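> Here's the letter readout for the chains.
Protein chains: 6
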Amino acid sequence: MFNAPHPLTYLDAIHAFLKEDWGTQDWTTLSVPDRPMTATVVAKADLVLAGLPMAAEVLRAVDPALEVHLLPRDGDHLAPGRGVLRVVGSCRSILMAERVMLNLLQRLSGTATLTRAFVDAVAGTGARILDTRKTTPGLKLLEKYAVRCGGGVNHRLTLGDGVLLKENHIAAAGGIPEAVAGARRTAPNLLRIEVEVETLEQLAQCFTLADVDGVLLDNMGVEMMREAVAMRQAAGSRIFLEASGNLTLDRARAVAETGVDFLSVGALTHSAPAADMSLRLS
Amino acid sequence: MFNAPHPLTYLDAIHAFLKEDWGTQDWTTLSVPDRPMTATVVAKADLVLAGLPMAAEVLRAVDPALEVHLLPRDGDHLAPGRGVLRVVGSCRSILMAERVMLNLLQRLSGTATLTRAFVDAVAGTGARILDTRKTTPGLKLLEKYAVRCGGGVNHRLTLGDGVLLKENHIAAAGGIPEAVAGARRTAPNLLRIEVEVETLEQLAQCFTLADVDGVLLDNMGVEMMREAVAMRQAAGSRIFLEASGNLTLDRARAVAETGVDFLSVGALTHSAPAADMSLRLS
Amino acid sequence: MFNAPHPLTYLDAIHAFLKEDWGTQDWTTLSVPDRPMTATVVAKADLVLAGLPMAAEVLRAVDPALEVHLLPRDGDHLAPGRGVLRVVGSCRSILMAERVMLNLLQRLSGTATLTRAFVDAVAGTGARILDTRKTTPGLKLLEKYAVRCGGGVNHRLTLGDGVLLKENHIAAAGGIPEAVAGARRTAPNLLRIEVEVETLEQLAQCFTLADVDGVLLDNMGVEMMREAVAMRQAAGSRIFLEASGNLTLDRARAVAETGVDFLSVGALTHSAPAADMSLRLS
Amino acid sequence: MFNAPHPLTYLDAIHAFLKEDWGTQDWTTLSVPDRPMTATVVAKADLVLAGLPMAAEVLRAVDPALEVHLLPRDGDHLAPGRGVLRVVGSCRSILMAERVMLNLLQRLSGTATLTRAFVDAVAGTGARILDTRKTTPGLKLLEKYAVRCGGGVNHRLTLGDGVLLKENHIAAAGGIPEAVAGARRTAPNLLRIEVEVETLEQLAQCFTLADVDGVLLDNMGVEMMREAVAMRQAAGSRIFLEASGNLTLDRARAVAETGVDFLSVGALTHSAPAADMSLRLS
Amino acid sequence: MFNAPHPLTYLDAIHAFLKEDWGTQDWTTLSVPDRPMTATVVAKADLVLAGLPMAAEVLRAVDPALEVHLLPRDGDHLAPGRGVLRVVGSCRSILMAERVMLNLLQRLSGTATLTRAFVDAVAGTGARILDTRKTTPGLKLLEKYAVRCGGGVNHRLTLGDGVLLKENHIAAAGGIPEAVAGARRTAPNLLRIEVEVETLEQLAQCFTLADVDGVLLDNMGVEMMREAVAMRQAAGSRIFLEASGNLTLDRARAVAETGVDFLSVGALTHSAPAADMSLRLS
Amino acid sequence: MFNAPHPLTYLDAIHAFLKEDWGTQDWTTLSVPDRPMTATVVAKADLVLAGLPMAAEVLRAVDPALEVHLLPRDGDHLAPGRGVLRVVGSCRSILMAERVMLNLLQRLSGTATLTRAFVDAVAGTGARILDTRKTTPGLKLLEKYAVRCGGGVNHRLTLGDGVLLKENHIAAAGGIPEAVAGARRTAPNLLRIEVEVETLEQLAQCFTLADVDGVLLDNMGVEMMREAVAMRQAAGSRIFLEASGNLTLDRARAVAETGVDFLSVGALTHSAPAADMSLRLS
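Protein chains in written order, with this note's numbering: chain G, 3 to 284; chain L, 3 to 284; chain U, 3 to 284; chain Y, 3 to 284; chain W, 3 to 284; chain S, 3 to 284.
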């Protein structure tokens with residue numbers, strides 16, 4: 003429903019995560035007798051769930067004989083005490099999978115939960131919440147998915163799937179028109195071009211350029227953003243406007259009410275606290 | 003100084019991170035002319051630095067011709083505005099390295115900064131701050147290093163370098179003595195054995211077992227922990243005591259003052275917000 | 003100049019190609035004494051060059067002590083007999099690198115040469131030559147680069163950097179408007195949407211949809227394409243038009259003269275014959 | 003029947019090809035609802051089939067629940083319109099597998115088809131068609147298999163499974179006898195030795211050397227090759243003769259009729275156009 | 003029972019071993035018709051078995067349809083002629099798996115067999131047999147397992163799971179007390195510290211240091227070791243004593259009878275001859 | 003001189019070996035101060051050296067700043083006390099490289115030393131010593147090189163570079179002539195065919211088949227082998243004869259004196275004890 007990545011794109015990573023966690027062997031678990039066990043991952047706080055398919059793949063990688071029951075679905079809002087998944091099978095297998103499974107679930111749900119908070123904060127304004135490239139190295143595809151589970155929209159996933167001309171690029175090209183022309187010549191045909199601006203003069207310049215698809219308003223105040231939206235209307239432009247920089251939860255609604263189309267929030271992926279969960283014996 | 007991991011252990015990861023960030027090609031950067039550039043990574047908030055050797059390897063991986071000057075050292079406390087590293091060379095190379103370099107530096111410094119806050123909170127009590135296995139999948143060695151940069155001590159890095167008998171292991175073994183005996187039989191000779199306890203009765207039992215090297219006091223109140231410390235003294239035991247569970251910055255000093263040896267804090271690696279930094283043209 | 007991929011994105015592949023070619027050991031070369039040697043890669047037919055940086059990386063991977071002189075540049079048109087690169091050093095190293103280096107150079111130059119033929123065929127019409135996803139498995143980034151060396155423009159490189167709604171997608175969505183709306187909801191914000199149409203009725207429908215950025219005219223005759231261009235003008239639309247299907251060199255100019263913006267040619271990457279080159283002792 | 007490579011030797015490559023084609027995610031396919039679908043790969047031109055087991059592995063890698071029916075067998079000659087394989091299952095899975103599956107099938111069948119054309123051209127002469135090491139980097143094992151499907155015979159697959167002393171080796175060794183002696187000393191015991199010659203004098207020299215197993219006649223005219231065959235008969239030699247260089251389809255029969263044992267044709271793998279196929283909804 | 007490593011930790015290695023053995027294709031096996039076959043791996047000498055799960059994974063990797071019957075269990079002592087495993091299925095699959103399966107079984111059983119000989123030699127003395135880090139590169143986890151199958155105990159598996167201060171470390175630190183203090187500061191909390199000593203003076207020093215958990219007696223004579231044990235008793239120390247250096251089977255019992263806790267034997271993994279086995283048609 | 007494998011073919015393995023040995027971090031070495039150090043690898047027993055280039059690559063992989071002096075050359079016979087290589091540089095780097103470097107050197111020199119013993123045992127007879135495919139999984143190319151350093155000759159390295167028809171193949175094919183004909187049809191053209199025989203009747207049959215290049219005499223007694231050689235002479239055959247099975251050092255000369263061309267000895271790679279070496283501070 004939120005377009006989870008294909009397992010082929012993250013299964014090698016899951017294997018690597020397990021080996022990273024195990025080191026050589028799990029001496030603790032190997033020192034106790036194996037026996038059947040039923041365990042449940044439980045939410046210990048309010049959270050928006052993300053990562054169930056990945057959690058299931060972790061369990062399958064450790065032991066394909068484990069029986070796994072996914073209780074809710076990614077994107078669901080869970081109250082404390084709600085079960086997330088139940089697993090039945092070898093106690094050793096479950097204990098060897100536990101930490102990596104929880105580390106993934108908690109991190110992805112942390113991102114989904116924070117995203118939902120932003121989405122709720124701007125509800126009704128028409129603005130949407132975007133992520134950034136400030137993702138955890140190695141987890142980009144999964145975190146981008148977690149943002150979608152939280153109701154957010156993905157900005158470009160890589161440098162290859164979109165053009166965003168920032169201050170440095172514009173300086174190197176010698177100006178916005180030159181940078182935009184260069185980008186249109188260089189980028190594959192199905193990529194849009196977005197330009198980062200710091201002043202309304204720069205914004206006005208963008209409205210005159212046919213190849214600009216969107217503008218990132220960098221670190222502007224609310225008043226200035228409102229003016230930017232008004233300028234767009236006056237220009238009859240279809241360019242989308244993205245607010246960026248210093249977008250805290252407190253400030254999000256005011257920004258959204260200026261009429262911008264998107265708020266992009268780096269914190270969704272670089273600073274979301276882990277959602278609290280634990281594995282309980284049932 | 004903080005025993006950074008050998009580059010061989012993370013260089014493949016850095017290559018993967020760059021490719022993950024680039025996707026196919028960086029069309030934006032490729033659309034502007036290349037030229038020499040000097041840029042500086044700058045702290046934008048108070049932080050404890052971690053990740054400089056990794057940042058330098060990111061730059062080298064993108065372009066060995068870049069000239070890199072590391073300004074402070076990992077473990078240093080930086081005020082906002084302080085430079086972190088300066089890089090001179092091809093503008094294209096720097097822009098292609100920027101995001102991955104910052105993502106690593108900000109994440110690792112975030113962990114070091116939070117660790118330092120805990121270390122400072124317990125200063126003078128003799129207690130030390132431990133991390134946990136709640137690390138970011140794929141970044142364990144680097145995050146463990148960041149904890150050291152912040153003044154913390156590493157708990158086991160993997161399941162292979164220490165025995166920690168938790169509730170589930172003890173239940174499966176049929177009791178603490180059985181679990182400890184099994185672990186001593188199973189684990190390689192140079193590994194210590196730690197037992198998680200939830201009651202003082204369990205703790206008392208541990209004092210009677212020669213093979214117990216440490217005890218994790220799980221989610222106990224401050225009063226109970228003080229009693230645990232007193233019991234150890236009465237027993238003349240050398241077992242170390244580790245407080246664990248719900249250890250917020252607010253509560254840390256009170257816990258440390260009970261006389262426990264260690265406080266283990268999952269948040270160091272699972273919920274530290276990124277330290278704020280950016281790349282500025284000099 | 004044609005934005006060659008960063009070596010980090012293909013160096014592992016080059017190592018794999020060499021090992022694939024060597025098998026265990028190059029017994030033939032090992033059976034002769036090593037000695038200094040100068041050799042030149044020479045064009046044996048008219049061709050447009052592509053692959054020089056990759057050829058140089060092959061030589062460096064085999065022996066960093068080899069001295070390599072690149073004679074012309076990628077994108078240059080070479081007459082038979084022209085030198086491509088000269089290499090000086092260990093005869094064993096050169097012989098062990100020869101076949102992989104030539105296989106890459108000949109294949110990439112083959113694509114560049116065929117691309118240039120199409121570009122020349124449509125010269126002056128304003129139409130540009132696009133490639134497709136019909137690339138050699140494992141060589142996509144390099145072949146896309148070869149297309150650029152030949153003067154072509156890249157269509158999307160992967161399924162992740164552009165939306166192209168084909169017949170099957172439209173059928174599954176229940177119609178063009180539904181498919182386009184779904185794609186706009188699903189795809190990251192910086193991706194354009196292109197729609198494949200087989201009739202002019204479908205094309206007319208596209209002109210009414212704000213989120214359609216381009217239309218692929220599938221297997222249409224020249225007359226029908228001319229009409230499509232006229233319809234666009236009448237509609238005052240900025241949508242780009244791409245001709246696709248059965249575009250031979252013979253037919254290319256007539257298609258281009260209809261006024262379409264792009265001709266996409268699968269043969270550039272799936273059926274270009276290798277450009278003829280060989281390694282000669284100088 | 004044609005000794006397809008073991009899947010273990012190419013499964014990692016198939017996974018890499020899929021990831022290369024997908025980039026991040028297949029936004030187009032993810033934007034339409036999933037539903038059951040039946041599709042058939044159909045030949046659109048006369049062709050000799052190669053690659054069915056690989057195509058089946060592509061489908062299995064994307065979705066093990068897909069039901070795959072292989073209709074003909076590799077090595078079969080198909081007329082336009084003939085079905086190649088039918089697949090039933092998730093529409094999304096099929097669309098995500100389509101391009102890589104077709105790219106492999108078309109490329110391998112292209113090689114098999116061209117090989118068969120050469121085999122047919124020399125039918126009845128006793129000569130056989132050999133491939134070369136001029137294969138696509140990364141696809142050697144599969145292309146060598148395609149040559150077998152077309153009725154050809156594999157020359158050495160790697161530098162490790164045969165000795166072929168060329169002009170440069172002979173020069174470095176100081177003559178044919180020296181080169182052959184060195185090779186016999188160096189190469190593992192189960193490898194044969196072939197010598198490339200450009201003159202009949204060199205050929206005569208080979209007949210005197212017990213360790214020469216075969217001779218490659220490099221770029222000789224038909225008349226000269228006929229003489230070479232006569233010389234062999236006169237010498238009572240069992241050495242095999244391989245014609246090489248500039249062997250077009252037009253010229254193949256005349257060359258074969260000289261009595262040489264093999265014709266080696268680089269074009270089989272470096273310049274075969276893709277066989278035309280497409281995926282149709284049934 | 004002997005805590006075999008999880009297949010995830012060695013399955014990639016098994017795939018690599020098979021490809022290493024196959025090279026390109028197994029032409030010999032491919033040249034004979036396939037047919038059902040039953041074969042048995044048979045012990046041809048007295049041996050202690052190790053490697054059955056790995057052997058089964060080799061067979062499964064080559065052909066999941068093979069039916070595999072494990073006859074005894076790892077750790078069992080087998081007389082010549084005893085069956086080890088029986089496999090039923092495709093003759094081609096079995097022949098392609100044979101060599102790698104036997105190479106692993108014979109090598110691991112060789113280590114288990116030699117370990118058992120040492121264990122038997124010291125039976126009744128209370129001493130136990132330790133391995134070392136002198137393992138075969140690439141096979142460490144499997145060889146450590148083989149040692150356990152033979153009744154031995156693992157010393158540290160890697161440099162990360164234990165501290166062993168040797169002569170060079172002590173010299174660099176400036177003495178045993180300095181080295182031990184540094185190690186305790188540096189190593190994670192659950193690792194023990196062992197010190198290598200060459201004299202009884204050094205040993206005496208170790209008894210005074212609270213952080214020393216064990217002592218390696220390097221290359222001492224039996225008399226000296228007996229004295230070391232007496233000194234430990236006199237000191238009332240719980241430090242374990244490990245004899246190391248030049249421990250042949252002949253000498254093992256005398257060493258064990260000195261009262262040391264462990265004998266560490268590099269030969270278990272660096273010089274154990276392969277256990278003799280072969281594959282027989284049943 | 004002995005045709006060491008190209009570093010590209012084993013460098014990834016060396017990196018993996020180091021990581022396998024290190025686990026997470028080398029806490030022991032990290033706990034002592036770094037300082038310059040000079041160390042020498044010294045032979046502690048009579049041995050034939052093999053593995054110097056690999057040892058040098060281990061040191062370079064750990065620290066490119068280490069200065070490495072190779073003292074003798076691979077293939078040299080060393081007396082106890084002779085230096086093998088001297089390394090100057092960071093004490094930490096040397097200690098982190100020590101174990102893997104020695105493990106490789108000792109193992110490869112062990113094989114070279116045992117090979118030389120066999121070569122010496124048959125000196126003057128004209129017979130040569132062959133290895134087998136009974137190599138250590140993961141180390142095949144290096145062990146085959148060690149055999150060459152000891153004066154041995156490589157049998158096929160993989161199943162892809164030679165045909166050896168064994169009992170099972172012959173049974174499956176229905177007889178020696180059928181098996182040989184099938185192999186000649188199947189195998190690439192530059193591979194020889196060897197047939198394993200257990201009786202002189204089978205041998206006689208081989209002499210009648212033009213496509214048999216060699217015969218492996220399986221587990222025959224000396225008398226029978228002498229007869230085999232006589233039969234070959236009588237038949238005027240050029241087929242080579244290889245003695246195999248149970249070839250101990252004691253028996254080798256008698257076997258060689260029968261006139262066979264080769265003795266193949268599995269023990270060279272499956273049971274050679276490690277050559278004794280250690281690292282000494284100079």
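Just so you know, the hints here were simulated from the structure itself, not pulled from any lab data. Fair warning: this is a prediction, and the values are worked out from it, not measured in the lab. Wrong hints could be hidden among the right ones.
To be verified - Keeping only pairs whose Cα atoms sit at most 30 Å apart, straight-line, the calculated DSSO-like set for lysine-lysine is:
#1 G/K21 / S/K21
#2 L/K168 / L/K136
#3 W/K46 / U/K21
#4 U/K168 / Y/K21
#5 S/K46 / S/K168
Said to hold, decoys possible - Computed footprint of chain U on chain Y, listed as stretches where at least three residues anywhere in the stretch have a Cβ under 8 Å from a Cβ of chain U:
#6 23 to 34
#7 42 to 55
#8 127 to 139
#9 184 to 194
Said to hold, decoys possible - Across the chosen pairs, the derived CB separations fall in these ranges:
#10 W/P38 / Y/N248: 46 to 52 Å
#11 U/P74 / G/A237: 44 to 50 Å
#12 G/D252 / L/R282: 25 to 31 Å
#13 G/A47 / W/A18: 41 to 47 Å
#14 L/V231 / W/R187: 18 to 24 Å
#15 W/Q235 / L/V231: 30 to 36 Å
#16 G/A47 / U/M3: 51 to 57 Å
#17 W/T210 / G/S284: 49 to 55 Å
#18 S/P35 / W/N221: 22 to 28 Å
#19 S/A256 / W/E225: 43 to 49 Å
#20 G/L10 / U/N221: 28 to 34 Å
In this text, a Cβ means the ideal position worked out from N, Cα and C, and glycines have one as well.
> Next, verify each hint and record whether it holds.
Checked hints:
1. Straight-line distance between C-alpha atoms of G/K21 and S/K21 comes to about 13 Å, which keeps the hinted pair within the 30 Å bound.
2. Distance check on the hinted pair: L/K168 and L/K136 sit about 15 Å apart at the alpha-carbon level, within 30 Å; holds.
3. A C-alpha spacing of about 38 Å is found between W/K46 and U/K21, which places the hinted pair above 30 Å, so the restraint is violated.
4. For the proposed pair U/K168 and Y/K21, the alpha carbon gap of about 21 Å is at most 30 Å, so the pair holds.
5. Restraint check for S/K46 and S/K168: the C-alpha separation of about 41 Å exceeds 30 Å, so the hint is violated.
6. Residue count for the segment 23 to 34 of chain Y with a Cβ under 8 Å from a Cβ of chain U: 12. That meets the three needed, and the coverage hint holds.
7. Note: the segment 42 to 55 of chain Y has 0 residues with beta-carbon separation from chain U under 8 Å; the three-residue rule is not met and the coverage is violated.
8. For the segment 127 to 139 of chain Y, the stated coverage by chain U is satisfied: 5 residues place a CB nearer than 8 Å to a CB of that chain, which reaches the threshold of 3.
9. Under the rule that three or more residues need a Cβ within less than 8 Å of chain U, the assignment of the segment 184 to 194 of chain Y holds, with 7 such residues.
10. For the pair W/P38 and Y/N248, the beta carbons lie near 49 Å from each other, so the given range of 46 to 52 Å is met.
11. Our hint of 44 to 50 Å for U/P74 and G/A237 holds, since their Cβ atoms are close to 47 Å apart.
12. Checking the proposed 25 to 31 Å range against G/D252 and L/R282 shows it holds: the Cβ atoms sit about 27 Å from each other.
13. Under the hint 41 to 47 Å, the C-beta atoms of G/A47 and W/A18, about 44 Å apart, fit the expected range.
14. Distance hint check: the CB atoms of L/V231 and W/R187 are about 23 Å apart, consistent with the given range 18 to 24 Å.
15. At about 33 Å, the CB distance of W/Q235 to L/V231 agrees with the hint of 30 to 36 Å.
16. A C-beta distance of roughly 55 Å is found between G/A47 and U/M3, which places it inside the suggested range of 51 to 57 Å.
17. In this structure the hint that W/T210 and G/S284 lie 49 to 55 Å apart at CB holds, the actual value being about 52 Å.
18. In this structure the hint that S/P35 and W/N221 lie 22 to 28 Å apart at CB holds, the actual value being about 26 Å.
19. Roughly 46 Å separates the CB atoms of S/A256 and W/E225, a value that falls within the hinted 43 to 49 Å.
20. Between G/L10 and U/N221, the C-beta spacing of about 32 Å keeps the proposed range 28 to 34 Å intact.
The structure does not agree with the numbered hints 3, 5, 7 stated previously, though it agrees with the rest.
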